[in-house]
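Asker: Sequences and hints are given; from them, build the entire structure.
Chains as they are written, first to last, in the working numbering: chain A, 116 to 486; chain B, -6 to 237.
It is worth saying that the hints were derived from the structure and are not from the lab. Hints are not guaranteed to be accurate.
[Unchecked claim] A few chain B residues that face chain A, going by a derived Cβ cut-off under 8 Å, partial list only:
#  : residue
1  : Leu50
2  : Pro53
3  : Leu71
4  : Ala72
5  : Tyr84
6  : Leu87
7  : His100
8  : Asp101
9  : Leu102
10 : Arg105
11 : Ala108
From a predicted model like this one, the values you see are computed outputs, not experimental measurements. Every residue, glycine too, gets a C-beta built ideally from N, C-alpha and C.
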Amino acid sequence: MNGRRAGAISLRILQQFRHDRRTLMLLFGAPIILLGLFYFLTGGGSSLPAVDVVNLDRGPLGAVLAADLGRSTEISVTPTTEAQAASDLSADTVAAYVVLPADLSARALSDDVIAPTVHLEGTQPALTQPVLLALDQSVTRASRSLAAAEGMRVPALEPSLDYLHGGPGLDTLDYFGGAFIGLVVFLLVFVVTIIAFLRERSQGTLERLMASPLRRADIVVGYIGGFMVVAAVQAVEVVVFTLYALHVHDQGNVALIVLLTLLMTLVAVNLGIFLSMFATTEFQAVQFIPLAIVPQVLLSGIVFPVATEPGWLQVVSRILPLTYGVDGLRDVMLKGNGLTSGPLLVDIAVVVVFAVALIAAATATLRRSAS
Amino acid sequence: MIRAQPVAVSVEGLTKAYGTIRALDGVSLTVGAGEIYGLLGPNGAGKTTLIRSLVGLVNPDAGTVTVLGRRLPDRTVLAEVGYMPQAPALYADLTVEENVRFFASVHDLDRRTGAQSAVDALELVDLTSRRRSVVATLSGGMRQRVSLACALVHRPRLLLLDEPTVGVDPQLRAELWQRFTTMSGEGTTIIVSSHVMDEAERCGRLGLVRFGRMLAEGTSAELRRLAGVERLEDAFLVLSESKS
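Answerer: Okay, structure coming up:
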């Protein structure tokens, strides 16, 4: 080992960093952004899952329990009627609703059992857990104070669970399978396109194409055509593998899953072409993965439900294409929604709008590359 | 077969600055149909910017460019123009033939014509035997020849060559120039940048470019007479000095 020679390499690397401000920004900026996102997503200032409570209890326990749930730090509770709660749940505005039945107090006294019914949306385990936890805490507190006051035994919580979609038959893989189909395809197609298009720029062939009669739209449409052939094969492969080799639960139409997957790849191809404009080397292109992809993965509702994000982050989630792709895939696979479902049509429409907007943006960035 | 075209390229007062660097500073130039016009000048003189202007790759700050009778920007004229950039811009992961046929297609040649033209173009650059080789496996000089084949596969009426023979051995270079001369005889206009003097001698007319300006124009003999020296290389040095 020669200190001077090794030192020359270290110095050269530092010089290269100095000339590549983008990489420095990534190294020092991305951790703050990503860790900050984690903070907000895992609780810091995040929104609580919305839960309706319907108190039908003829005795005193229901009111005490409902009031205690109202103070919960796990969920955000609204007292309402059973009909309203049921419609909130199917409209996806609440994660669950709890019905405290007419005989709640009576059964607590006679059978030592507290038996509310919990109606869960069921497609988001991350939303189910806080509801059950909050209920457990409130039941413990309420019944303990009643027991102390009236000298009775502490009753046990025996909720009956009712799932609007999915249910106890689904495992973690079923919940995440659909979302991951969208993610995997989106990520891979994006990375391949951004590198391919960047190479087109850096090896000078894009300039050559610009000096030919080709129009910019020809280039973008040509790229879409080429990549979509490969993406279609990939989409079918991924869907078939997920459904038939991994046996991920599917309630809906397989063709719709493939359609949504293909729409996601269309977005990914054009996002790749668009962002390649802002990278000069393959090194910089790869840096778009932590910058453009990881936040999307965190914010698209794959792991952390969009509904529990802080309000301003929900706004960010709502302008990311992956959010709608993931939502659409879950609509099909977990809820069995078809083309007659309003929310699914909205998801599809939004993804299409993203694709069209990105095609326009990709074409526009090509215009800028002529100096 | 080829329409009479007295003027192939006409450039007037072309100016382009990149930041504070004036790449082109009021260049005017007229090249007649079938001419071989050589652009001479040191590195950074503006030769490449001038050639790129002729295919619409440069948005000029001032001045006009007319190519084959059409005022740029006009993409339709590009089907009749062949452009060979300085660095061999090719798809390194495709074969030689795939590259040439691709550029035939983007210049509006149909499949059959494109295939035949690719055979001819590869013949011209003496790469027929390597047509199935992947470009990444070729030497620098071979890539340069593939790049040339891509530029002329659609038989353009105007051929723009930015230092086409860098890395090409003397024997092949002589052969290529033979072909350029033949093509020019058939009516193809060729604008070629170079700093190889024996190539410059083969051009019908020469333009001496420096600091983005056209310093002198004429045949090799005229430039030598103007500078009062025997060799073109000396003329180049004298004229560059006197005007700078």
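Asker: Hint compliance check: list the failing hint numbers for this structure, sorted ascending.
Answerer: 2, 6, 9, 10, 11
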